[in-house]
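S.K.: Those protein sequence lines, which keep their order, are chains A and B. Note that the first sequence ends on residue 243 in this note's numbering; no numbers are left out. Note that the second sequence ends on residue 516 in this note's numbering; no numbers are left out.
Just to be clear, a hint being listed does not mean it is correct.
[To be verified] DMTMM-like mimics (lysine to aspartate or glutamate), calculated; alpha carbons at most 20 Å apart, straight line: (1) B/K256 to A/D65; (2) B/K363 to B/D421; (3) B/K339 to B/D249; (4) B/K288 to B/D311; (5) A/K145 to B/E513; (6) B/K264 to B/E344; (7) B/K345 to B/E513; (8) B/K263 to B/E253; (9) B/K256 to A/D69; (10) B/K256 to B/E344; (11) B/K256 to A/E63; (12) B/K363 to B/D343; (13) B/K256 to B/D347; (14) A/K145 to B/D249; (15) B/K256 to B/E513.
No lab work stands behind these hints, which were simulated from the structure alone.
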Amino acid sequence: MILDIYKDSLEYSAKDWKTLIILGVISIFSFLLLPAFLITGYNYRVINTAVHGIINGRDPMPEFDGIIDMFIDGVKIVVVQIVYLLVPVVIFLIFALVASQLIGVASTAIMLIGSLIAFVALVISCLMSQMGICHMAYNDGALSKAFAISEIKEVIDEIGWFECIITYVGLIIITVVLSLVVTTIIGLIFTVFGLSGFALGVDASGIFALGALINILITTFIVGPYLSIFNSRSIGLLYTTQI
Amino acid sequence: MASITDNISEGLKYPFNDPKKLVTFGAFFAALNIIFFAITELSVKIVRVFAVTQGNTLAFKFSQIPQDNVYAIAILAIISFIISLIIMGYQYNVMKFSIDEKNDLPGFSNIVNILINGVKYFIVSLIYNIIPIVVLVCGVELMAVQNGDYIVSIISLILFIICNFLLIMGLANMIDSDKFTKAFDLREITDKIANLGWVRYVGIILFAVIVYVIIMICVGIILMIISTFIALAVNQAIILTAIISIIEGLFISPYISIFFNRVYGSIYRESIQ
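In isolation and in its complexed conformation, chain B is listed as follows (with noise of 0.2 Å):
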């Protein structure tokens, strides 16, 4: 391959491959989307019972709580959470068939499979995660301690970037080899990212970062303008955002993930080889 930048037109041609698994990918986002949409609905409820509420002791508000609100939230967040697990699952699978260089899209025949895959990802992510996000804590307490000190925040948030860098490798690396402990053999994975580059593999990733910036820029473009004519239409804001968020959800949302699980897969066969 003449240059690394083939790797991110061919991570944007690919889910053109096989458009029908795309739409059913993506029918796992637009359910997310109007779970967390309903969610949000509900929640404003309870904000509402604080708000009125406001003055009283702390059990007295607890206790005016809506039940069945409670309740249904709780369902609605297990339910969207397993989504989410499934849509990691494939994304694994995605990044398993790029690392493989197989051109078509992955199956949802499996579904064992894929929640099983999901769980592999969403932990792999979370222990990544668990290090700059109590650094985060931290230092979101410490600036309500001691007003305006955003050094330990800042750190944080270097630490996130440094983190997410290794992530993607580690995850990469974890499903090459299929066994678990691999995505945190940091010496593997930073003897990797050597192989390839540290500059060079900084660089592709901020490349996928800019092209997905301009996509999803567009993108908003267009849906605003699809919104001002459903807007039109329609003339309910509750039914415009539930239109749109399923459009975001079948189509943008499963393409962006479905490109950016090829790239991270593609960059990790570059840097093996």
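Excised from the complex, chain A in its bound form (with noise of 0.2 Å):
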């Protein structure tokens, strides 16, 4: 079932370049700020067609039409994310303002505690708060059921914790392996060419120069985004999962 999620992803991701230039193009301007949104927005729309559609079927990729409806998607799922980030960062400063108050041994041991339940609850409500945009965007997008604990809990008991905290590792993993093996595949040919150059006694610092701009610019346009689509797809398509 994983393995059927990560497939029919990552083969979704890379159904269209064309979206994938044009959310690169939208990232570079997320120094203003309210691109960003854009992008969190495009992602809640994946979501959504993911949320409402089943695995190996034929999903079109999201349009890029409505860019107001699609700002407000942005923001809401801001709005999501950091409300639950709060609840960890809320337990951890508790027992950090405890631990302060004390001395020795007893304010190390209140702060490794406090380290290990912050640490569960970040685990539990970067789940919960997935599975509660997911939850929004399968009940047409209100903000309340985002936050509608006992439901998701349920989802996610239909799904099973364990099965969902697996995705998850997955996803991170793939992640980081694809990004990594790019970026070494580009480094490791512009490192050969450079090699080449220095040995037939060319200057080869514009050769690493350049090798160094291809590497950003086809992380900005083709894999980040890619691995953005790839992680909303597959959020939305455990989702569905549930029985």
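Since each chain comes alone in its own frame, lean on the hints to assemble the complex.
M.R.: So, in structure tokens, the structure goes:
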């Protein structure tokens, strides 16, 4: 099941390279802050398509129309994520506050326990926030559904907590490996070019600079958008595996 | 409507329905910005008089203030107040159009009507804010007497927030029923908010504020870039400020103001369903 999700998402994200380029261009303007929300908004649309679709279905890529709706969806996602993220942060701060009042072993022990609890809370809140976003998308974008804790918990119970966490760990591994592999390959190619140029007695620094530039361009325009769509699609599909 | 946040995106789209009226409305904001700019410029001269005559009696200080400047400030203040009333009156009309679910922007043909509505809008806002302002003044006085006593000021801040949340519903209630006293019918107002749900009500307004903050940060960065280019071209701070405040007044302020009032109106519409 999990492998099917990955396979479908990997294929789905590679469907339309124009979308990837557009996302890359938007991400360049992210320093204006507003475009950053357009990207999250687009990811929300991908999730929205996924939760209403099926694994290995022929879902089309979402369109780039209705910029304002996209922006609002992006803001909604960020709000949901921040609210869920607040829980572990507050837990950690409370423990830190208590620990700062104590001295010696007790302080260290409290801090250690606090960090552990905060970490568990972080994992759970990440899971809940992603599922909350899916639940929100499934219920036509009602923001209150993203915080309907009991309903989201039921959804995760049906999918299985273990499977959810495994899927997320897999997603992180795939993301890291893919980006590492791509940058390493390009880096290697240009290292070979540079070394051979150096052997021929040419100044090789230009070639290395070109390699770095191409690496950055490919990461922003292709790999970054690809991975973000891949992640959103996978999470959306994971939501649909509930019975 | 599926989600209450749809109101927000509808509010963001609404000003684009008639860009001509948006910019016309913006002309008032631009005029207001320029007048405030002039008032600041003039009042700097008065402050300078106070600084130069330091150590003299108060009567002497007042006698040294250039008379022309005082008159100019008084006239400009009156003009800016009238422009503010027009702006508030237009906001009133935007809210009315929103409650009536009209998709076009209100016009400027009936300027007397706009002024009357502006007076209503202004008085209701003033009355709702009187209690927190009084508490705030007390708090500031208390802080001056008793160093570090912030509690009253914090209470006034909370009162400001509560009063302004009620104010939004009060304004909408007045506009819908077209009766001035309806703005202070607290029972009816709280009933309508309860009908919508307090969490939803506060949440939707907070959401609008978040959207507003994001837009303003983005606009701020863009204006900063534009002003860098203008600064390279003209090299004069006063011209630069004037150009930026005109741009800001013509396009940004009216958009934001119409957006908020449209959203307030649609919240009210949701609450009476």
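S.K.: Of the numbered hints stated earlier in the document, which are not met by this structure?
M.R.: none
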